[in-house]
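K.L.:
Taking the hints into account, I'd like the entire structure generated from these sequences.
Sequence order for the protein chains is A and B. According to our numbering, the first sequence is numbered sequentially starting from 429. According to our numbering, the second sequence is numbered sequentially starting from 429.
Because identical chains cannot be distinguished in the list, a pair is counted as satisfied if it fits within a single copy or across any two copies.
When the alpha-carbon atoms are kept at most 20 Å apart in a straight line, the in silico SDA-like pairs for lysine to any residue are as follows:
1. K447 / A476
2. K477 / E487
3. K477 / Q467
4. K435 / Y488
5. K441 / G431
For the record, the hints were derived by calculation from the structure and aren't laboratory data.
Given next are the chains, with one letter for each unit.
There are 2 protein chains.
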Amino acid sequence: MIGERIKSLREKKGYSITKLADLAGVSKSYLSYIERNMQNNPSLQVMAKIAAPLDSNIEYLLGEEPLPKIHEDEILDDEWRLIIKNAVDEGMSKGDFQALKDLIRSNMWKESKGETSVYFNEKKKTSNIIILHIDN
Amino acid sequence: MIGERIKSLREKKGYSITKLADLAGVSKSYLSYIERNMQNNPSLQVMAKIAAPLDSNIEYLLGEEPLPKIHEDEILDDEWRLIIKNAVDEGMSKGDFQALKDLIRSNMWKESKGETSVYFNEKKKTSNIIILHIDN
DNA sequence: ACTTACTGTTTGTTATAAAGAACACTAACA
DNA sequence: TGTTAGTGTTCTTTATAACAAACAGTAAGT
Numbered sequence: 429m430i431g432e433r434i435k436s437l438r439e440k441k442g443y444s445i446t447k448l449a450d451l452a453g454v455s456k457s458y459l460s461y462i463e464r465n466m467q468n469n470p471s472l473q474v475m476a477k478i479a480a481p482l483d484s485n486i487e488y489l490l491g492e493e494p495l496p497k498i499h500e501d502e503i504l505d506d507e508w509r510l511i512i513k514n515a516v517d518e519g520m521s522k523g524d525f526q527a528l529k530d531l532i533r534s535n536m537w538k539e540s541k542g543e544t545s546v547y548f549n550e551k552k553k554t555s556n557i558i559i560l561h562i563d564n
Numbered sequence: 429m430i431g432e433r434i435k436s437l438r439e440k441k442g443y444s445i446t447k448l449a450d451l452a453g454v455s456k457s458y459l460s461y462i463e464r465n466m467q468n469n470p471s472l473q474v475m476a477k478i479a480a481p482l483d484s485n486i487e488y489l490l491g492e493e494p495l496p497k498i499h500e501d502e503i504l505d506d507e508w509r510l511i512i513k514n515a516v517d518e519g520m521s522k523g524d525f526q527a528l529k530d531l532i533r534s535n536m537w538k539e540s541k542g543e544t545s546v547y548f549n550e551k552k553k554t555s556n557i558i559i560l561h562i563d564n
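P.N.:
Given below as structure tokens:
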């Protein structure tokens, strides 16, 4: 849920609700509501304002939406084609794809120990890829 | 701007405002406002409802970068087909790909400061992806 | 004990997101 | 010509997002 994400990032930064609310420019009462999931439909502007001082972004705060089911036994060319088409429309180049393919094949991706400035952004359950976020 | 993205995807799907509004479950008047950027602060729920029938997601609709040019479908398709085929043969799942696609779109990838346990493994010049290696 | 300064919560109240029309404008067709 | 069905746009209203302020709780200081 979105509230947990914000709270987690906030505490990781050592911010209080009041502090983050000030930095973000939203009311602390509203931030409190959002963190407790009593208000689960904030606007984009509020989300963006909250994400900024957390050095995060909306997509991460939104967390993972469940991936569509995968039929593992057969490769549907049409389905792949649709996926690729959307990806290309959204800006994926062949070079991107090749790089990612190599990334998938490498089995070097493991859980972070959590004591560094690196933390996991999200973990796809249907994939062995873990998306990272470098926290500067 | 967010309105242009929605409109572009909508027209690509051949949907009218009314049709998309019905599929998304939002009012067509509000969708019209959003597309014309007269309402630039919709809620997350509305954004999610709009993104779904467009086979997109919020993060893309929010994206700042201009839409890439779309190449000729036929040439692209064959070339992509070969790439995908090889990738699938090598074990790439659709989930893998979707995860990677999200990875590309997120603009959170920055150079490592070098003081952590993370270092860059390699950098593909044909891609904007930086492959990382977590050193446990 | 009584501040002072935090923490996060709960109260109203106000501003506005979002709906549900009604509206104007086409094109197709009887 | 009038009617129907489609497009997208404006109205008007209502539901609620978001605020400001008051509130309770804790810890440190006097």
